[in-house]
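Build the full structure now, drawing on both the sequences and the hints.
The opening residue of the sequence shown carries number 1 in my numbering; numbering runs sequentially from there.
Because the hints were derived from the structure by calculation, they are not lab data.
Mixed in with the good hints there might be a few duds.
Stated by the list, open to error - Here are the simulated DSS-like pairs of lysine-lysine, each with C-alpha atoms no more than 27 Å apart in a straight line:
#1 Lys176 with Lys101
#2 Lys259 with Lys234
#3 Lys100 with Lys265
#4 Lys265 with Lys225
#5 Lys144 with Lys259
#6 Lys225 with Lys144
#7 Lys225 with Lys176
Claimed, not checked - Between beta-carbon pairs, the in silico distance windows are:
#8 Lys100 with Asp205: 33 to 43 Å
#9 Arg203 with Lys259: 29 to 39 Å
#10 Gly138 with Lys259: 13 to 23 Å
#11 Gly147 with Ala109: 29 to 39 Å
#12 Phe274 with Asp131: 13 to 23 Å
Note that CB positions come from ideal geometry on N, CA and C, so glycine has one too.
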Amino acid sequence: MFKSVKSFFKKQNFIQASVILLPILVIGGAFLTLEKDTKALDSYKINLRPQPQKTTHSRVEPISTVAASLRIEEKILGTKAAVSSLVTDKGDDLLVLVNKKISLPASYAPRDLISITGFIAAPSDSVLRRDTAVALSGLKNAAKAQGANLSIVSAYRSYSQQVATFNGWVNSAGLKSAESFSARPGHSQHQLGTTVDFGVEGRTDFSESFATTTEGSWLSQNAYKYGFVLSYPKGREVTTGYSYEPWHYRYIGVENAQKMISSGKILEEYLQEFGTW
Numbered sequence: 001m002f003k004s005v006k007s008f009f010k011k012q013n014f015i016q017a018s019v020i021l022l023p024i025l026v027i028g029g030a031f032l033t034l035e036k037d038t039k040a041l042d043s044y045k046i047n048l049r050p051q052p053q054k055t056t057h058s059r060v061e062p063i064s065t066v067a068a069s070l071r072i073e074e075k076i077l078g079t080k081a082a083v084s085s086l087v088t089d090k091g092d093d094l095l096v097l098v099n100k101k102i103s104l105p106a107s108y109a110p111r112d113l114i115s116i117t118g119f120i121a122a123p124s125d126s127v128l129r130r131d132t133a134v135a136l137s138g139l140k141n142a143a144k145a146q147g148a149n150l151s152i153v154s155a156y157r158s159y160s161q162q163v164a165t166f167n168g169w170v171n172s173a174g175l176k177s178a179e180s181f182s183a184r185p186g187h188s189q190h191q192l193g194t195t196v197d198f199g200v201e202g203r204t205d206f207s208e209s210f211a212t213t214t215e216g217s218w219l220s221q222n223a224y225k226y227g228f229v230l231s232y233p234k235g236r237e238v239t240t241g242y243s244y245e246p247w248h249y250r251y252i253g254v255e256n257a258q259k260m261i262s263s264g265k266i267l268e269e270y271l272q273e274f275g276t277w
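Here it is in structure tokens:
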């Protein structure tokens, strides 16, 4: 081959030979570059494959369980429910974080629920976890001794009860409005069995004016002494995701409640730092 090229150069002008050979060299180089780029692209695609993610503080429910919960909501809501980013199995822990992004399984129910109707005015089916009920009894007696006549408007709610509650608000106020003050099923603190909506004995209405009543004022100053803290304080709607509810208190234990008050944090912030999920 080289002899032929050499002979060609002898017979032809060098410039004419260059005109013929140059395109051949360019095309050959292009093929080599393409092969190299193809290998690089294959390597890049491999690196783009999803990598296993580490999960902390939580146990994600099997897809079948989540799907079943969503079907329950869709059937009643008539809308497609939002999938929780996390489903926690730590419902029994007093410091479990439950909010708009972290939910309880549809099957979760505390194992130590007891009736509270024997010592405080409440709906006949009202139950709470045992330790919460004992603490509530002490709180109620102390409040009554100081002229505050507390009642319970709502206590523990199961997942299915929250479905009915949430959808009732959706039907009356619309989905967007309902989500500002009512939790989707699985995302309600009431499902924990450690949360209550207080009221004034003889009244069952919810209003921000509760904060200015004798009962509401007493709670804001003394509830933490018995382990109960306000879940959704005024002016912190961006943090909690819910509007101000001066009647909504959650039991986290006396020691934790006192630490939370001393820290200056609201419940959502305290649980994000010291809680579990």
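Consistency of the hints with the structure:
Distance check on the hinted pair: Lys176 and Lys101 sit about 16 Å apart at the alpha-carbon level, within 27 Å; holds. Between Lys259 and Lys234 the alpha-carbon distance is near 20 Å, which keeps this suggested pair within the 27 Å criterion. For a cut-off of 27 Å, the pair hint linking Lys100 to Lys265 stands: about 19 Å separates their Cα positions. Proximity of Lys265 to Lys225 is assessed by CA-CA distance (about 16 Å); at most 27 Å being required, the pair is judged to hold.
Straight-line distance between C-alpha atoms of Lys144 and Lys259 comes to about 26 Å, which keeps the hinted pair within the 27 Å bound. For the given pair, Lys225 sits about 15 Å from Lys144 by alpha-carbon distance, which is consistent with the 27 Å threshold. For the proposed pair Lys225 and Lys176, the alpha carbon gap of about 36 Å is over 27 Å, so the pair is violated. At about 25 Å, the CB distance of Lys100 to Asp205 disagrees with the hint of 33 to 43 Å.
A hinted range of 29 to 39 Å holds for the C-beta pair Arg203 and Lys259, which are about 33 Å apart. A C-beta distance of roughly 19 Å is found between Gly138 and Lys259, which places it inside the suggested range of 13 to 23 Å. A C-beta distance of roughly 36 Å is found between Gly147 and Ala109, which places it inside the suggested range of 29 to 39 Å. About 19 Å separates the C-beta atoms of Phe274 and Asp131, a value consistent with the hinted range of 13 to 23 Å.
Taken one by one, the earlier hints fail for this structure at numbers 7, 8, listed in ascending order.
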